[in-house]
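K.L.:
Residue numbers (full-length UniProt numbering), protein chains in the order written: chain A, 1 to 413; chain B, 1 to 144; chain C, 1 to 156.
For the record, the hints were derived by calculation from the structure and aren't laboratory data.
Certain hints may be false.
Each computed BS3-like pair below joins lysine-lysine, with the alpha-carbon atoms no more than 30 Å apart [stated by the list, open to error]:
hint, chain 1, residue 1, chain 2, residue 2
1, C, 125, B, 66
2, B, 129, A, 51
3, B, 111, C, 142
4, C, 125, B, 123
5, A, 51, B, 130
6, C, 142, B, 115
7, C, 35, A, 35
8, B, 115, C, 125
9, B, 100, A, 51
10, C, 108, B, 100
11, C, 35, A, 8
12, B, 28, C, 33
13, B, 128, C, 142
14, C, 125, B, 128
In case you want the letters, here they are:
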Amino acid sequence: MNDEAVVKVALVSCGSEYAGVHGELESVASSVNAKLVYPEIEIDILDDIGKDFGIEAASPDLRLMMARSKAVVEGLSDVDGVFITSCFRCAEAAIVRNEVRRYINKHSELPVISYSFTERTTAATLLTRMEALTTIARRRHLLAREKQSGLTAGIDSGSTTTKAVIMRDNEIIGSGWVPTIKVIDSATEAFNQALEEAGVKQEDIQAIGTTGYGRFLIGEHFGAKLIQEEITVNSKGAVYLADTQKGHATVIDIGGMDNKAISVDDGIPGMFTMGGICAGASGRFLDMTAKRLGVDITELGALAVKGMEQNVDMNSYCIVFGIQSLVNSLAKGSTPEDVAAAACHSVVEQIFEQQLQEVDVKEPLILVGGSSLIEGVPKALGELLHINVLVPPNSHLIGAVGSALLASGYVEE
Amino acid sequence: MAEENNDVITKLVVTSSDTVLPIDAAMKIYESSTDIVIKETCFGTMVTGPREAVNKVVKEIVDLDKNHIFVKERGFPPGDDRRCRASRGGGSRPGFYFLKEEAMMLPMIGKALDKYDKHVPLKEIEHKKKLEVKDLQDIVESSL
Amino acid sequence: MAKVIIYPTNSLILSDLVQRFGHTPLAMMEKIKEKVTTVGVDSPPMNITAEEPKHGLKYAAVEVPAGVRGRMAIVGPMIEEAEAGIIVGESPMAFGCMGCARTNELTKYLIRSREMPLLELEFPKDDDEGQEFVYRIAEFLKSLDEVKGESEEATE
Numbered sequence: 001m002n003d004e005a006v007v008k009v010a011l012v013s014c015g016s017e018y019a020g021v022h023g024e025l026e027s028v029a030s031s032v033n034a035k036l037v038y039p040e041i042e043i044d045i046l047d048d049i050g051k052d053f054g055i056e057a058a059s060p061d062l063r064l065m066m067a068r069s070k071a072v073v074e075g076l077s078d079v080d081g082v083f084i085t086s087c088f089r090c091a092e093a094a095i096v097r098n099e100v101r102r103y104i105n106k107h108s109e110l111p112v113i114s115y116s117f118t119e120r121t122t123a124a125t126l127l128t129r130m131e132a133l134t135t136i137a138r139r140r141h142l143l144a145r146e147k148q149s150g151l152t153a154g155i156d157s158g159s160t161t162t163k164a165v166i167m168r169d170n171e172i173i174g175s176g177w178v179p180t181i182k183v184i185d186s187a188t189e190a191f192n193q194a195l196e197e198a199g200v201k202q203e204d205i206q207a208i209g210t211t212g213y214g215r216f217l218i219g220e221h222f223g224a225k226l227i228q229e230e231i232t233v234n235s236k237g238a239v240y241l242a243d244t245q246k247g248h249a250t251v252i253d254i255g256g257m258d259n260k261a262i263s264v265d266d267g268i269p270g271m272f273t274m275g276g277i278c279a280g281a282s283g284r285f286l287d288m289t290a291k292r293l294g295v296d297i298t299e300l301g302a303l304a305v306k307g308m309e310q311n312v313d314m315n316s317y318c319i320v321f322g323i324q325s326l327v328n329s330l331a332k333g334s335t336p337e338d339v340a341a342a343a344c345h346s347v348v349e350q351i352f353e354q355q356l357q358e359v360d361v362k363e364p365l366i367l368v369g370g371s372s373l374i375e376g377v378p379k380a381l382g383e384l385l386h387i388n389v390l391v392p393p394n395s396h397l398i399g400a401v402g403s404a405l406l407a408s409g410y411v412e413e
Numbered sequence: 001m002a003e004e005n006n007d008v009i010t011k012l013v014v015t016s017s018d019t020v021l022p023i024d025a026a027m028k029i030y031e032s033s034t035d036i037v038i039k040e041t042c043f044g045t046m047v048t049g050p051r052e053a054v055n056k057v058v059k060e061i062v063d064l065d066k067n068h069i070f071v072k073e074r075g076f077p078p079g080d081d082r083r084c085r086a087s088r089g090g091g092s093r094p095g096f097y098f099l100k101e102e103a104m105m106l107p108m109i110g111k112a113l114d115k116y117d118k119h120v121p122l123k124e125i126e127h128k129k130k131l132e133v134k135d136l137q138d139i140v141e142s143s144l
Numbered sequence: 001m002a003k004v005i006i007y008p009t010n011s012l013i014l015s016d017l018v019q020r021f022g023h024t025p026l027a028m029m030e031k032i033k034e035k036v037t038t039v040g041v042d043s044p045p046m047n048i049t050a051e052e053p054k055h056g057l058k059y060a061a062v063e064v065p066a067g068v069r070g071r072m073a074i075v076g077p078m079i080e081e082a083e084a085g086i087i088v089g090e091s092p093m094a095f096g097c098m099g100c101a102r103t104n105e106l107t108k109y110l111i112r113s114r115e116m117p118l119l120e121l122e123f124p125k126d127d128d129e130g131q132e133f134v135y136r137i138a139e140f141l142k143s144l145d146e147v148k149g150e151s152e153e154a155t156e
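Could you put together the complete structure from these sequences and hints?
P.N.:
What follows is the structure, encoded as structure tokens:
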């Protein structure tokens with residue numbers, strides 16, 4: 001990847017130098033061959049930036065953020081993308097950060113990432129985000145691809161499950177789905193399942209794309225042409241499967257370990273957030289609920305749609321305490337249906353509270369990832385947001401399909 | 001002794017003088033010491049070297065026009081990669097804006113120091129007070 | 001000679017005046033120098049690592065943003081070390097060390113909470129105000145000699 005051109009990323013930040021995360025930002029940028037730049041500004045604009053931009057923030061560094069975003073939009077600073085970041089838990093910064101992000105989105109074509117850090121934020125946490133930012137800046141032409149061509153494979157090495165698909169001439173002809181145990185073994189197994197179903201041999205595959213946590217490892221193992229983080233791949237996969245490649249869309253991916261909420265425009269991810277701190281907001285929570293109810297995970301959804309979440313008192317989103325609440329409810333006589341519904345609601349509500357606040361939800365809302373197959377989840381999400389939730393066919397194979405689709409860009413090359 | 005050698009400091013000398021130009025300050029440094037490195041910037045001269053030597057030469061410069069030459073220590077040595085404009089991709093370092101703001105106040109501070117030395121008595125300054133509600137009411141009524 | 005904490009903590013004018021009238025300014029620059037010249041730490045640009053926000057817990061609770069705590073890890077010990085203080089009202093142009101309004105509120109509060117001589121004033125806008133500004137600071141700094149002299153005599 002590092003043979004590609006350096007991507008210039010404008011750093012529009014407040015507090016990072018004093019929170020001990022600045023070095024992490026520099027380090028992650030250089031790992032994806034990006035360079036952080038501080039947009040040059042006309043010093044005079046600082047006098048009136050509060051009124052010009054419209055937020056009279058008390059903190060001078062936040063006013064500097066507004067001035068820098070203006071410089072980026074007006075082209076004074078020649079950059080390929082923008083990274084907006086400020087301290088977690090600072091209300092003033094959160095207001096400015098959000099408005100600066102909206103402002104740049106509205107007035108430029110630049111990809112933007114917004115993130116709030118703590119002193120514990122590491123380069124590893126930032127990698128997927130920075131990788132997505134530089135990919136969008138670097139490979140717009142690749143992301144413009146709307147149809148799969150040739151014979152390609154996509155493998156999504158997720159934290160919980162590994163998925164593989166084989167596609168030929170814009171159709172899925174084989175798929176595999178296995179729990180992730182050992183990254184390469186599981187990927188091989190999923191890949192072989194897919195190959196067998198498709199009736200083709202590995203050597204016939206013209207290009208392989210990999211994504212997910214294990215993307216680098218399996219990418220190298222299988223000689224993949226495309227090794228790509230999940231934000232880009234899943235955005236593309238979602239609008240492709242939902243057949244909504246043009247215009248706005250919002251993609252929510254509830255994975256086994258983390259979630260993504262991505263606002264997509266013409267198949268290109270714009271603003272996105274990633275969860276990953278709390279298991280209570282992940283597919284794992286639903287998995288645990290199913291086990292406590294003594295049903296298979298595939299049956300949980302059908303139960304949930306029959307239940308009423310209001311009948312169950314849940315006082316925590318936590319995977320330990322929240323599940324305890326569910327168990328207590330069962331002991332008090334709640335039905336398994338109600339408990340299943342409450343679990344789906346809990347996951348969705350936490351995603352809403354923690355992730356959707358920073359993404360402008362625009363229809364269609366496409367729900368993907370394994371959890372989208374649990375019918376109670378899209379139902380709960382639709383009820384919470386008061387919009388129709390679209391679950392495309394093969395939504396659980398999203399990453400693999402997106403990889404196979406994008407990898408076909410390399411077939412002709 | 002080794003410790004002394006390690007104690008390298010940088011001072012920023014900002015001149016706001018009618019008689020001493022930054023170049024005079026620079027010349028003074030060039031002729032005074034060999035241990036010292038200087039760098040001229042938009043707002044002043046950065047003087048880097050062993051603490052003793054820097055303090056000595058800075059005092060000599062300030063003495064050229066003491067009320068109109070100002071000094072502060074600087075955290076980063078000049079041209080430090082971590083702060084240098086070139087390696088940061090353009091934007092100025094954060095302290096620059098405030099320094100510029102303060103530099104514009106220096107003629108005023110210089111004049112005040114001259115007056116202080118000459119024991120010029122302080123003028124009574126009338127600080128504006130908030131308008132009384134009664135007075136506001138009068139204004140409103142008179143403009144009706 | 002008294003150690004005088006200045007606010008804004010990176011002010012050229014205040015640092016100069018304190019020094020000029022015979023005292024030691026406690027300012028951000030020296031602290032930053034200590035940081036950036038620390039051998040073996042490589043956390044650009046200022047060598048502030050994740051440790052500083054933790055040290056900052058002495059001055060601000062964990063719910064206070066990391067950027068505030070990181071700054072307080074540097075400013076806090078200066079406030080503790082100070083024997084007197086000069087606070088000059090907010091300048092809208094102070095970025096970086098002084099770029100966070102929340103840190104600045106806390107810094108001023110902690111300076112005011114110390115039982116020590118303190119002068120508070122505003123940055124001047126014209127020559128008359130400039131004269132008053134310099135006179136008040138000069139007189140304040142001179143008064144520190146007297147106070148200090150007396151207390152030193154008393155302890156002898």
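K.L.:
Can the restraint linking residue 128 of chain B and residue 142 of chain C be considered satisfied, given a maximum Cα separation of 30 Å?
P.N.:
holds, 29 Å
K.L.:
Residue 142 of chain C and residue 115 of chain B were given as a pair; does the straight-line alpha-carbon distance stay at or below 30 Å?
P.N.:
holds, 17 Å
K.L.:
Hey, residue 115 of chain B versus residue 125 of chain C, does the alpha-carbon distance stay inside 30 Å?
P.N.:
holds, 17 Å
K.L.:
Taken at face value, is the distance from the CA of residue 66 of chain B to the CA of residue 125 of chain C at most 30 Å?
P.N.:
holds, 22 Å
K.L.:
Is the Cα-Cα distance between residue 28 of chain B and residue 33 of chain C 30 Å or less?
P.N.:
holds, 25 Å
K.L.:
Would the hint linking residue 125 of chain C and residue 128 of chain B be met if the CA-CA limit is 30 Å?
P.N.:
Roughly 13 Å separates the two Cα atoms, so the pair holds.
K.L.:
Quick one, are residue 100 of chain B and residue 51 of chain A close enough, alpha carbons at most 30 Å?
P.N.:
Given that 30 Å is the threshold and the Cα spacing comes to 22 Å, the pair holds.
K.L.:
Can the restraint linking residue 51 of chain A and residue 130 of chain B be considered satisfied, given a maximum Cα separation of 30 Å?
P.N.:
Within the cut-off at roughly 24 Å; holds.
K.L.:
Mind checking the alpha carbons of residue 35 of chain C and residue 8 of chain A for me, to see if they're no more than 30 Å apart?
P.N.:
Since the Cα atoms of residue 35 of chain C and residue 8 of chain A sit roughly 28 Å apart, the hinted pair holds (cutoff 30 Å).
K.L.:
Assess, step by step, whether the Cα of residue 111 of chain B is no farther than 30 Å from the Cα of residue 142 of chain C, and give holds or violated.
P.N.:
holds, 20 Å
K.L.:
Going straight from one Cα to the other, do residue 129 of chain B and residue 51 of chain A come out at no more than 30 Å?
P.N.:
holds, 25 Å
K.L.:
Straight-line Cα separation of residue 125 of chain C and residue 123 of chain B no greater than 30 Å?
P.N.:
Judged against 30 Å, a Cα distance of about 15 Å means the pair holds.
No hint from the list above goes unmet by this structure.
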